[in-house]
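These protein sequences, in sequence, are chains A and B. All residue numbers for the first sequence refer to my numbering, where the first residue is 487 and numbers rise by one. All residue numbers for the second sequence refer to my numbering, where the first residue is 326 and numbers rise by one.
Read the hints as simulated data drawn from the structure, not as lab findings. Since we're looking at a predicted model, the values are computed, not measured. Even for Gly, the Cβ is constructed at its ideal location relative to N, Cα and C. No false leads were slipped in.
Think about it this way: if two alpha-carbon atoms lie no more than 30 Å apart in a straight line, the pair counts; the simulated DSS-like pairs of lysine-lysine are:
#1 Lys-785/A - Lys-703/B
#2 Lys-390/B - Lys-370/B
#3 Lys-519/B - Lys-581/B
#4 Lys-378/B - Lys-390/B
#5 Lys-706/A - Lys-703/B
#6 Lys-804/A - Lys-699/B
#7 Lys-785/A - Lys-738/B
Okay, the calculated bits of chain A under chain B, using three or more residues with CB under 8 Å as the criterion:
#8 801-809
#9 817-825
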Amino acid sequence: MGFNAETLEQAVQGEPDWLLDRRRTALSSFERLPLPSRTDEEWRRTNLAGLDLPAYARFEQRNGHVPERSALPSGVIFEPLAIAAQRHASLIEPLLFSLVRADRDRFSALHAAFFTGGNFVYVPDGVTIDEPILGQHFSHEGGTSVLPHTLIVAGKGARFNYLDEYIAEGDETEGYRSGSAEIFVGEGAEVGYVAVQKWGRNAWHLADQRARLEKDSTLKLFNVTLGARFSKTRVEASLVGPGATAELKGIYFASGEQFFDFHTLQDHQVGNTTSDLLFKGALQDVARTVYAGLIRIEKGAARSDAYQANRNLVLSDKAKATSIPMLEIDNNDVRCTHGATVGPVDPNHLFYLRSRGIPERTAKRMIVQGFFGQVLDRIPFQQARELIEAELEARLG
Amino acid sequence: MATSPKIDVGTDYKEKYGFFVPEDYVFKAKRGLNPEIVKEISWMKGEPEWMTKFRLRSLEIFRKKPMPNWGADLSVIDFENIFYYLRASDKQSKTWEELPPDIKATYDRLGVPEAERKFLAGVSAQYESEVVYHSLQKELSAKGVIFLDTDSALREHPDLFKEYFGTVIPPADNKFSALNSAVWSGGSFIYVPKGVRVDVPLQAYFRINAENMGQFERTLIICDEGSFVHYIEGCTAPIYTSDSLHSAVVEIIVKKDARCRYTTIQNWSTNVFNLVTKRAMAYADATMEWVDGNLGSQITMKYPSVYLMEPGAKGDVLSIAFAGKGQHQDAGGKMIHVAPNTTSTITSKSISKAGGRTSYRGHIKVYPGANNSKSFVKCDALLLDDNSRSDTYPYNDVDADNVTLGHEATVSKVSDEQLFYLMSRGITRNEAETMIVNGFIEPFTKELPLEYAVELNRLIQLEMEGSVG
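Chain A extracted, bound-state conformation (with noise of 0.2 Å):
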């Protein structure tokens, strides 16, 4: 066993050729790419050692998944991704692993060539629908991969939110996870995108969230990380249109041994774009987490407005919080500002409550809530909004 031409033969069938063909030319670039080294910069702060790849090759879902829908607007397309791909080739085939590319690294690689799931949301120019659409992903067991991969397509002036939901059912063993995105907003549209991970506790989890922003269009990225023992998830936006604005928040509560790592990118490659960036942290127990960020003006990119934050609240003495945010300017007509902090909770905060007569675990516990509600305020949609608030709320506990 393992992931290899066998494997793959078997896990997809009934997908047309040319998804096949991609997905051998990912496989090859999986058994050729390393692992990633701890002399990789961007490797450096994430351990693997324990990731067992070959003792998950076995794969929960089959394509083809029909998942709920809700009376969508004619000329809408929701459905599984591996339905798709043969319904709707002309639309998927120029589009699918180009934002998140197979040959990045092996992982990348690894999910390009096995994706199980995953839907194709395709809403036609100047469509707007009122109700969010909703994927939820599901994994059931350990020593399983569930690797589910979203395309999003948003025509000219369209308007939409996304939910992805990941859902472990059922406390499993360790096993193998991703769940990525790839997120194509057309010119003017408006798109909102939130991705709920709660994958079970000992699972490994990599993923890529990546958008491609046309001219005057928005995004609202709401990136939620609650689950998995590992987790690596990289958010990365394009600008390539003027007038494009791309906001990406996102929210993570580690405890017990949990480790987050989280990579993000504001690229901007042409002028008069905005991006806003806020990651948020609580970290308890002895969970670690990583943020390494990054704002990319290119040349020719003036009157460029981007904003990046991380901020971290380490809840125990064992828990550590590392913050890289980093810049790369090479205009000079822009407003770049970026901040990051690690800190405990503010004893005269706690001092304050307490005196109120609130006992101590209520009082931290109030602290954090009030840390989050800033961000909780952006998320885009209010069904997004109730679940994570109702996540956080549970593991506050």
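Let chain A serve as the given structure and place chain B on it in line with the hints.
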């Protein structure tokens, strides 16, 4: 070196600063680097055997260490095409009048004598690789303060020297500290005894004045318990057409309750590679402050660091970088928290213009057990035109409990509102921009002694002339 790329060296340098003195050397070692050259340097200086061995061992380490593969591009340095030792004048001068006239002419342009006449305690002006001029006020000697060039210190205070030399930055620390350890020459040695406060800044001028000549000065400062000293190092260099390498090592030990401030204004000509290792060890409740200005050189890679060794130690880096045409200033700071309850701050201000590139590169490391430590980093960058570039690379590794760490950075251009306001008052665009830049670096200039602040403002003015409007 046949493939060496052509390097633009800013041809107006000579008119701007006018420091160009014909070469006149008493001794000039051969080009290149091998054990014989190293032995020759050591023999010329009449050094004890341990130092000769130390140099040879360092040379071995230098040869084994790979070139750093990060930061600026260093591949154009040809170590075989550099003079590793020069001595411009045979004897140590005691007074200004005894200095050779051409050296004096150069210093006159820099204003050293005036500075000294005004209030400076001692001048240790380094012309080429060795200190040739040196004076120390009598009351300092009476207090037991030692302020010598490093070569003399090795001869006159061998035990004190040996106790501390190479303990903060061992030769194996990095490739360039190994190189310096093998071929070092000149630099300052300062010892401040227990409880002594040196009220006036001690300063040395460093110069490079020979084609293809590396300058490898070595500075060692020891602040004994409860003492205070402010040391100032300023650099200017005349223009030459091929690359020069400057690779200094500065070691500082700040003992319990002591405070040391080390101020640098680096203004090497724009063909110099400035690759410097600066590090201080701060013990219980001690304070170490680096005030570091980088204006010149083609490439600077310099990250002054403080190892906070005992509880209560405090480290401070205040840094400005100015990168013009063809320049890359890769500067920043490092704070290594080894003990609990230690604090550090890094403030970095950088300005890029005419295609220059400034990079802030910093490292905050908090070792296990260094609990309740605090660190704050602030970087501001100003880009004066759209050819220039600014980067921020802060690396943070926290392995202790209850640590507070903050980082903030901004990048912006000169704001149109500010320019408009000033220009509406009848100030030309160029003057207005210069005023704004001087205002931007004010947190730095206000930490400098007056004549340095004036000099820095004047240098900024020179750099800003002809700035793209």
